[in-house]
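Our numbering runs 5 ahead of the 1-based position in the sequence shown.
These are computed hints drawn from the structure, not numbers from a lab.
Values in this document were obtained by computation on a predicted structure and should not be read as measured data.
One or more hints might be untrue.
Below 27 Å or equal to it, Euclidean Cα-Cα: the simulated DSSO-like pairs (lysine-lysine) are [to be verified]:
hint, residue 1, residue 2
1, Lys149, Lys8
2, Lys183, Lys41
3, Lys29, Lys41
4, Lys79, Lys149
5, Lys29, Lys195
6, Lys22, Lys8
7, Lys183, Lys8
8, Lys80, Lys149
9, Lys80, Lys8
10, Lys80, Lys22
Distance ranges between label pairs, derived from CB positions [said to hold, decoys possible]:
hint, residue 1, residue 2, range
11, Gln34, Gln157, 35 to 43 Å
12, Val181, Ala160, 16 to 24 Å
13, Glu19, Thr165, 36 to 44 Å
14, Gln126, Thr25, 19 to 27 Å
15, Gln104, Val181, 19 to 27 Å
16, Gln199, Glu19, 33 to 41 Å
17, Asn178, Gln96, 16 to 24 Å
All residues carry an ideal CB built from backbone N, CA and C; glycine is no exception.
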Amino acid sequence: MTKNALMVFTRNPELGKCKTRLAKTLGDQSALDIYKYLLQHTANVAKNVEASRYVFYSESINNSDIWEHAYFSKKLQTGNNLGERMHNAFQELFDLGYQKVIIIGSDLLDLNETIIEQALQKLEHHDVVIGPAEDGGYYLLGTKALHPKIFQNKAWGTETVRHDTLNDLQNSNVYVLKELNDIDTFDDMKHYNQLKPFYKAHD
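Using the sequences and the hints given, assemble the complete structure.
Laid out in structure tokens, this is it:
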């Protein structure tokens, strides 16, 4: 077993239940198709990272999807909100003996393995690594120990999450990665040529 663990949090890709802000503009089917495209990108990136890889499902574990067993161990998220679910996932992997644990989002076309590997490297000399998203959240969070406070009392899904998280980490040595754009709305995705086939009718 490696000392590093990489986990992906993912919603089960179901019609009408993912990328709801995109769906308001493009409809449920296009939003689902875009989300599946983003998931495949994330899986392709994660496969290339030297770490034990985990995918944590929101609803149920799917044993025959893009998260191949050759590359990913599969688990279920537990908890009443995103903070609880992340806390429990970090706790579970630290309990398994990992020394560095990183979580990434699954809706970023700009994320690549170099950025994740940089995060693992920076954890050698930092307590926490965070990847800021343009919307005020974060796309990556990496730690060497559990920090329960950062998963509590957050307005998840809002522009205050990263600020409040960094505020909780004032006494820790934090490395901040470059800012990336995660895709939640139509405006977030318009400049990606590879996504144009999904919205030509709305251009």
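In ascending order, which of the hints set out earlier in this document are inconsistent with the structure?
6, 13, 14 and 16
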